[in-house]
Amino acid sequence: MVSESTKDASLPYDGQELVISGSTTLLQVSEAWASAFMEKYGGTIIVNGGGSGGGIADLINGVNEIANASRQIKDEELEAAKDAGLDVQEYIVLYDGIAVIVSNNVTVENLTIEQLSKIYTSEITNWKDVGGDDTEIIITARDSSSGTGEYFLEEVVQLGKTMENNDYSETALRLQSNADVVNQIKENDNAVGYIGLGYLEESLKIVKVEGIEPSVDTVKDNSYPISRGLYIYVPGKELTEIGQAYINFVLSDEGQDIGLEEGFVPLK
Amino acid sequence: MARLKTRLRDIKSFIIYRFVFLNGIISIIVLGLILAFLIANSIRFFLSYPILEFLTGQKWSPTVLEKFGFLPLLTGSLLVTFGAIVIAIPLGIGSAIYIGELAPRAVREILKPIIEVLATIPSVVIGFIGIKLLAPIIKDLFNLSIGLTALAGSVMLAFMSLPTIISISEDAINAVPNRYRHASVALGATKWETTYRTVIPSASSGIAAAVMLGLGRIVGETMTVLMITGNSPRIVFSWLQPVRTITATIAAEMGETVQGGLHYSSLFAIGLILFLITFLINFISDRFINKIRES
Chain A
1 MVSESTKDAS LPYDGQELVI SGSTTLLQVS EAWASAFMEK YGGTIIVNGG GSGGGIADLI
61 NGVNEIANAS RQIKDEELEA AKDAGLDVQE YIVLYDGIAV IVSNNVTVEN LTIEQLSKIY
121 TSEITNWKDV GGDDTEIIIT ARDSSSGTGE YFLEEVVQLG KTMENNDYSE TALRLQSNAD
181 VVNQIKENDN AVGYIGLGYL EESLKIVKVE GIEPSVDTVK DNSYPISRGL YIYVPGKELT
241 EIGQAYINFV LSDEGQDIGL EEGFVPLK
Chain B
269 MARLKTRLRD IKSFIIYRFV FLNGIISIIV LGLILAFLIA NSIRFFLSYP ILEFLTGQKW
329 SPTVLEKFGF LPLLTGSLLV TFGAIVIAIP LGIGSAIYIG ELAPRAVREI LKPIIEVLAT
389 IPSVVIGFIG IKLLAPIIKD LFNLSIGLTA LAGSVMLAFM SLPTIISISE DAINAVPNRY
449 RHASVALGAT KWETTYRTVI PSASSGIAAA VMLGLGRIVG ETMTVLMITG NSPRIVFSWL
509 QPVRTITATI AAEMGETVQG GLHYSSLFAI GLILFLITFL INFISDRFIN KIRES
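The listed protein sequences correspond, in order, to chains A and B. Residue numbers for the first sequence follow this note's numbering, beginning at 1 and rising by one. Residue numbers for the second sequence follow this note's numbering, beginning at 269 and rising by one.
Simulated from the structure, these hints should not be mistaken for laboratory data. Be a bit skeptical, because a hint or two may be false.
[To be verified] Partner residues are not named here, just some residues of chain A that face chain B (Cβ under 8 Å, in silico):
(1) Glu76
(2) Gln89
(3) Asp134
(4) Ile138
(5) Ser144
(6) Thr171
(7) Leu173
(8) Gln176
(9) Ser177
(10) Ala179
(11) Gln184
(12) Asn188
[What the hints assert, rightly or not] Computed footprint of chain B on chain A, listed as stretches where at least three residues anywhere in the stretch have a Cβ under 8 Å from a Cβ of chain B:
(13) 45-53
(14) 152-165
Every residue gets a Cβ at the ideal spot worked out from N, C-alpha and C, and that includes glycine.
Generate coordinates for the entire structure from the input sequences, incorporating the hints supplied.
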């Protein structure tokens, strides 16, 4: 997205440019931040997707100045950045809750993290073993390219990384987006899946996790067990004026409100 | 004056000749560069991961277990491709025979362009049709929980390859000289016998080329299978189960890999294999076609 401020030239960051790329989870909210920022402070902000890995690679290669990521930077990437002479700095910009949803014909109301882990590793394959009807469980998951999928894997399937050899069962369907999961869960029977809080709809059947309903409030007070931080990474020393201003804006009350509007959970 | 004219013509033809030659060479160079690019990016994988484990491994778990077993992806691709070909060949050749031999001229003039327009439907649109229309039908028809299966992929890919197969087969059938037909009829053959014993054998090299081109399209298709085959990386031999193809794996996983890492280069490795498979298909079909041409 490229858009330039058309207001009078007195805005403080006019003539400066900022390139952002990375996580598709953060794409929409970043565009909202960028356009609100340009409106208020001027300058040109270009926001691209490309995935968390792509964004961080761009940062290392000097293509962007801000990398959006829905996962934390990996050691391999940190090393590559160090080799490129960058000292990468991390900011948490928002929280995101991950809701577990099931098809309408599934009668289960509540699942524990352990039950979810067993379902996703195919140790439990029938809904009757978790208090439902005697039908097979269709597992839908996301691919390793999805920050949401990776987070759910570590936090739920691997029980908070205590079972590091747990992977999604090979019978799990791998869907390509939150919207895709919503669609398939709604239209099919016996299926379970997970989506970002922002994608919840009225018609979806939500399962409580450890007895807690997912919502902005339960993510904020940390009682809902499956929530994560969303990150941006910047080159610490070489951060430009407009880059720093953008980060300040994102972390401000106004920026956080925009995050809330986009379906995420603000930091405070 | 006249000499100058011939001179100019010579120069012109020289330039045009060179231009055409350059075009031919460029495509070969590009092909070579693509191959070099694939090899360069996958070399790290082949150096650090045992190749036998890669080719015979039954588990594709690139991020958690760091197991890069190619078999589930290969069987997924084979299953979808085979299903698509089984559906597309009889339908495609049948339609081509109808359009080329049986249909009245007016019908033919309408059908052919319509079928050719089908080829222009973007694969993402075909994927949507698969998700919204076909998957629910398959789910209800076979009483499954979910319709995203290898069968859904096969049907949609067959649909995508049909225009290619029909159009080129029909061209081949059309190119069979009429005197063949007349001779056959004169010898007392019926219309069907003429088609079956004279026209189709004469057009067989063109039909084979059509099928191979269709096959190439099926093997390499990515977006549609990514959307409708469910992408479960396991070895199955049933069309009513979700499968994960080679192409879908690359498309789904490339986005967030650490660039230059093992997972990244493993995706280039399976891309290289895919490239070799399609190259082989084309090579064999070329040989095949030439052989028929010679005989």
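Against the structure, the hints:
Interface hint status for A:Glu76: upheld, as the beta-carbon distance to the closest one in chain B is roughly 5 Å, under 8 Å. Of the supplied interface hints, the one on A:Gln89 is violated, with its beta-carbon coming no nearer than about 19 Å to a beta-carbon of chain B, more than 8 Å. The interface hint given for A:Asp134 is violated, since its Cβ lies 13 Å from the closest Cβ of chain B, which is over the 8 Å cut-off. Annotation: interface hint on A:Ile138 holds; nearest CB of chain B at approximately 5 Å, less than 8 Å.
With 8 Å as the threshold, the beta carbon of A:Ser144 comes within range of chain B, its nearest partner Cβ sitting at about 4 Å, so the hint holds. Taking 8 Å as the C-beta contact cut-off toward chain B, the hint placing A:Thr171 at the interface holds, the least distance being around 6 Å. For A:Leu173, the suggested interface contact is upheld, since its CB lies about 4 Å from the closest CB of chain B, less than 8 Å. With a least beta-carbon distance of about 6 Å to chain B, the hint placing A:Gln176 at the interface is held under the 8 Å criterion.
Because the beta carbon of A:Ser177 sits about 10 Å from the nearest beta carbon in chain B, more than 8 Å, this interface hint is broken. A distance limit of 8 Å between C-beta atoms decides the matter here; for A:Ala179 the minimum to chain B is near 11 Å, and the interface restraint is violated. Taking 8 Å as the C-beta contact cut-off toward chain B, the hint placing A:Gln184 at the interface holds, the least distance being around 7 Å. For A:Asn188, the interface hint holds, the least distance from its beta-carbon to any beta-carbon of chain B being 4 Å, beneath 8 Å.
Closer than 8 Å: that is the beta-carbon criterion, and the stretch 45-53 of chain A has 4 residues meeting it against chain B, so the requirement of 3 holds. Coverage of the stretch 152-165 of chain A by chain B holds. Counting CB-CB distances below 8 Å, 4 residues qualify, and the rule asks for three or more.
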